[in-house]
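Asks: Chains as they are written, first to last, in the numbering used here: chain A, 1 to 257; chain B, 1 to 257.
What the hints contain is simulated information worked out from the structure, not anything from laboratory work.
Be aware that a few hints might be false.
Pairs involving identical chains hold if they fit within one copy or between any two copies, as the list cannot separate such chains.
To be verified - Distance condition first, Cα-Cα at most 20 angstroms in a straight line; then the derived SDA-like pairs of lysine to any residue:
(1) K180 x R51
(2) K180 x A241
(3) K67 x Q137
(4) K140 x D120
(5) K117 x R194
(6) K227 x E50
(7) K180 x F253
(8) K180 x S155
Remember, predicted model here, so these are calculated numbers, not experimental data.
There are 2 protein chains.
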Amino acid sequence: MRISIIGSGNVATHLAAAFANAGHNIVQIWSRDFHHASLLAYHTRSEAVERIELIDKNIDLAIIAVKDDAIANIASQLNLGNTLLVHTSGSTSIDILKGSSAKIGVLYPLQTLSKDKEVDFSHVPLLIESNSEEVVQILKDLASSASSQVLEVNSEKRLSLHVAAVFASNFVNSLYSAAKEVLDTQGLDFQLLRPLIAETARKAQHSNPKEVQTGPAIRNDQATIHKHLEFLSSATPQLQALYETLSQHIINFYHKP
Amino acid sequence: MRISIIGSGNVATHLAAAFANAGHNIVQIWSRDFHHASLLAYHTRSEAVERIELIDKNIDLAIIAVKDDAIANIASQLNLGNTLLVHTSGSTSIDILKGSSAKIGVLYPLQTLSKDKEVDFSHVPLLIESNSEEVVQILKDLASSASSQVLEVNSEKRLSLHVAAVFASNFVNSLYSAAKEVLDTQGLDFQLLRPLIAETARKAQHSNPKEVQTGPAIRNDQATIHKHLEFLSSATPQLQALYETLSQHIINFYHKP
Numbered sequence: 001m002r003i004s005i006i007g008s009g010n011v012a013t014h015l016a017a018a019f020a021n022a023g024h025n026i027v028q029i030w031s032r033d034f035h036h037a038s039l040l041a042y043h044t045r046s047e048a049v050e051r052i053e054l055i056d057k058n059i060d061l062a063i064i065a066v067k068d069d070a071i072a073n074i075a076s077q078l079n080l081g082n083t084l085l086v087h088t089s090g091s092t093s094i095d096i097l098k099g100s101s102a103k104i105g106v107l108y109p110l111q112t113l114s115k116d117k118e119v120d121f122s123h124v125p126l127l128i129e130s131n132s133e134e135v136v137q138i139l140k141d142l143a144s145s146a147s148s149q150v151l152e153v154n155s156e157k158r159l160s161l162h163v164a165a166v167f168a169s170n171f172v173n174s175l176y177s178a179a180k181e182v183l184d185t186q187g188l189d190f191q192l193l194r195p196l197i198a199e200t201a202r203k204a205q206h207s208n209p210k211e212v213q214t215g216p217a218i219r220n221d222q223a224t225i226h227k228h229l230e231f232l233s234s235a236t237p238q239l240q241a242l243y244e245t246l247s248q249h250i251i252n253f254y255h256k257p
Numbered sequence: 001m002r003i004s005i006i007g008s009g010n011v012a013t014h015l016a017a018a019f020a021n022a023g024h025n026i027v028q029i030w031s032r033d034f035h036h037a038s039l040l041a042y043h044t045r046s047e048a049v050e051r052i053e054l055i056d057k058n059i060d061l062a063i064i065a066v067k068d069d070a071i072a073n074i075a076s077q078l079n080l081g082n083t084l085l086v087h088t089s090g091s092t093s094i095d096i097l098k099g100s101s102a103k104i105g106v107l108y109p110l111q112t113l114s115k116d117k118e119v120d121f122s123h124v125p126l127l128i129e130s131n132s133e134e135v136v137q138i139l140k141d142l143a144s145s146a147s148s149q150v151l152e153v154n155s156e157k158r159l160s161l162h163v164a165a166v167f168a169s170n171f172v173n174s175l176y177s178a179a180k181e182v183l184d185t186q187g188l189d190f191q192l193l194r195p196l197i198a199e200t201a202r203k204a205q206h207s208n209p210k211e212v213q214t215g216p217a218i219r220n221d222q223a224t225i226h227k228h229l230e231f232l233s234s235a236t237p238q239l240q241a242l243y244e245t246l247s248q249h250i251i252n253f254y255h256k257p
């Protein structure tokens, strides 16, 4: 397919690379930051354009991969007639594109993507949506060319997947940071925790996480919880409330009817 | 070494297996639950004993691997003269063993261990402590026979590592459960999140987690946070406060001076 990309952030970068690698033709790239657009264009052998109006309508698909709150404005500035138009947002309804084209859809990669971190795109679940069966088929074919996990979900289910992803990835990563803060106060190397982090994630690959929970909170071991809170109050007081909330959440989850 | 083990839970089971595999002689096992002790004894070709007083003093080391609040009581019931005695607790000072033997120490495996989940023990950090240089050397040799990661840390540093481990493993796993709860309400398969969970942990193997944080909270994207809280309030209200606390924690961590 001939594809143009609006945006040059984490999602735009990985989608452009994945579709280029799958043999598609990345035609043009526009971004608020022309320097970023140029870099991405260089890596995908496409053309960076300075003004959004310069995106040419002679393409099969335009992908809007920008911040959620910029999608509506970007869509209204495009002048692509009835070219297929999709956004890549987990938490934005497909309806936001209504009026911008007769052919609209969503293509949401369920993965944590950082520009400068390579990822095996063939295992990234791609969630697609359209109000047209024809477009669903086009997006399925496109998504399948880059990933082995393609699923059609409506806007509400996609929102729930995004919420779940925030828990399982964004919040999880913030707890890795919290753990590092604790070790930093003692001059201990974060490296010591990496086998534990890897094993915890590995268990979740094969188990129901509910069934492999360990630690003081699931045992309702108040003596240890108290010791930990005392330690935190002197070493990293900014983490005390977080420890309490998460412990109480686990206690409620397992011990309340 | 000739080693007897007090306990038959997750830590006792994995330590017994690891030291047996490393060529040590597991002599006797006692546990509150004789059936569990017998099973572990069967797997490590050792003898299960019904009463704790039957643990024979003709050994080089007794390992107390029981719940933290049972250590003191168990130690006082042993009658092993000055046999080397260690506990395996992250959050318990070595001092709890004072008076039970002249040779005491700690051997704490920094890993999430579930009885029925195999783990590559050679990568489990083993943290050791003793008030005697001679015992430190004995424990270093023993630990090194089963793991490539052996480190001497005092009781305060060990406590900080346990607290950090609770954040990086126990709390993380509870967030995997929370994510599953969200998907369950929509009839979506937890399998969809597994690539994301694996990638999030993989990133932390090579990066400082602070530098690879993604998601609505680090962008202080209040519109998306609000959408997510609205979704949670109807689908899984028990997760709403947790979402708010964690989002606010991330916002404070990155956006407050």
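Asks: Looking back at the numbered hints, which does the structure fail to meet, lowest number first?
Replies: Of the numbered hints, 1, 3, 6 do not hold.
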